[in-house]
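Please work from the sequences and hints to get the whole structure.
These protein sequence lines are chains A and B, in that order. Counting along the first sequence from 1, when you hit position 32 you're at 50 in this note's numbering, and nothing is skipped either side. Counting along the second sequence from 1, when you hit position 13 you're at 18 in this note's numbering, and nothing is skipped either side.
Be careful, since some hints might not be right.
[Unchecked claim] Covered by chain A, according to a simulated footprint, are these stretches of chain B (three or more residues, beta-carbon under 8 angstroms):
1. 36–47
2. 60–74
3. 105–111
[As the list claims (entries may be wrong)] Here are the simulated PhoX-like pairs of lysine-lysine, each with C-alpha atoms no more than 25 angstroms apart in a straight line:
4. B/Lys105 <-> B/Lys72
5. B/Lys105 <-> A/Lys82
6. A/Lys32 <-> B/Lys47
7. B/Lys7 <-> B/Lys75
8. A/Lys32 <-> A/Lys82
9. B/Lys105 <-> B/Lys7
10. B/Lys61 <-> B/Lys72
11. B/Lys75 <-> B/Lys105
12. A/Lys84 <-> A/Lys32
13. A/Lys38 <-> B/Lys72
14. A/Lys38 <-> A/Lys84
15. A/Lys59 <-> B/Lys47
16. B/Lys72 <-> A/Lys59
17. A/Lys84 <-> A/Lys73
18. B/Lys61 <-> B/Lys105
19. B/Lys75 <-> B/Lys61
20. A/Lys38 <-> B/Lys75
21. A/Lys59 <-> B/Lys105
22. A/Lys32 <-> A/Lys73
23. B/Lys7 <-> B/Lys72
24. B/Lys61 <-> A/Lys84
25. B/Lys105 <-> A/Lys73
26. B/Lys47 <-> B/Lys105
27. A/Lys82 <-> A/Lys38
[As the list claims (entries may be wrong)] Facing chain A, according to a computed beta carbon distance under 10 angstroms, are these residues of chain B, among others:
28. Ile23
29. Ser25
30. Phe80
Since the hints were made in silico from the structure, they are not lab data. Here a beta-carbon is modelled for each residue, glycine too, at the ideal position from N, C-alpha and C.
In case you want the letters, here they are:
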Amino acid sequence: GAVVSQHPSWVICKSGTSVKIECRSLDFQATTMFWYRQFPKQSLMLMATSNEGSKATYEQGVEKDKFLINHASLTLSTLTVTSAHPEDSSFYICSARNLETYEQYFGPGTRLTVT
Amino acid sequence: QKEVEQDPGPLSVPEGAIVSLNCTYSNSAFQYFMWYRQYSRKGPELLMYTYSSGNKEDGRFTAQVDKSSKYISLFIRDSQPSDSATYLCAMSDYGGATNKLIFGTGTLLAVQP
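Set out below in structure tokens:
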């Protein structure tokens, strides 16, 4: 199956700092990528949809100035959590949709802990 | 009413059993149907992908879609302890009004050795 990578897999940062998470589709092109957040024992919560070369579309209640998304190429999207606070601690998962088949693949996730 | 309903379980079966996981949905525009498996602290893994109605088989897994009843199923034959995970159904009308995956809440499956 197709592979989506995320980096880093785990990050600890201090409150007030910014953290960047990278998402790459390794063996297919993805014009559309998605960023999700997941709390323990809960389902995935879509944060934003990222389209290559255009601005991301954020879900209701997600602060676009806090969660900056860039989708600069057909294989790379980044999520930057700005001025992180402890309540931003969570499991962040990206997903990439194959532009030919519409199959949507997920990365392994990034666990963010803000102290 | 949620767009996608899925029994959260937990579901516990003995090794070798046939497992049936189901989801119902309300949006008749959905045409893309997927099943994901998610292990604890990992990203979801795409198991099965079906476009429109019909059956699809891949090894021990069979996915069924009945659009007339708005009902999808995933069957796991000869279940193994390694199948223990949360199973998520997901669907979309890609290119339509929703244009994103809508997930069920997930069913937690435990296969007992």
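Straight-line alpha-carbon gap A/Lys59 to B/Lys47, limit 25 angstroms: holds, 12 angstroms
Hinted pair A/Lys32 and A/Lys82, Cα distance within 25 angstroms: Status holds; Cα separation ~21 angstroms.
Within 8 angstroms of chain A's CB atoms, at least three CB atoms from the stretch 105–111 of chain B: coverage verdict: With 6 residues closer than 8 angstroms to chain A, the stretch 105–111 of chain B meets the three-residue bar; holds.
Pair hint outcome, B/Lys7 versus B/Lys75 [Cα-Cα no greater than 25 angstroms]: Within the cut-off at roughly 13 angstroms; holds.
Pair hint B/Lys105 and B/Lys7, alpha-carbon separation not exceeding 25 angstroms: holds, 15 angstroms
Restraint outcome when B/Phe80 is required to lie within 10 angstroms of chain A by C-beta distance: Nearest chain A Cβ about 20 angstroms off; hint violated.
Within 8 angstroms of chain A's CB atoms, at least three CB atoms from the stretch 36–47 of chain B: coverage verdict: holds (count 5)
Straight-line alpha-carbon gap A/Lys84 to A/Lys32, limit 25 angstroms: holds, 16 angstroms
Agreement of A/Lys38 and B/Lys75 with the hint, judged by alpha carbon distance not exceeding 25 angstroms: violated, 40 angstroms
25 angstroms Cα cutoff - pair A/Lys84, A/Lys73: Given that 25 angstroms is the threshold and the Cα spacing comes to 15 angstroms, the pair holds.
Restraint status (C-alpha distance of A/Lys82 to A/Lys38 at most 25 angstroms): holds, 14 angstroms
25 angstroms limit on alpha-carbon distance, applied to hinted pair B/Lys75 and B/Lys105: Holds: B/Lys75 and B/Lys105 sit about 18 angstroms apart, inside 25 angstroms.
The structure does not agree with the numbered hints 2, 13, 16, 20, 22, 24, 28, 29 and 30 stated previously, though it agrees with the rest.
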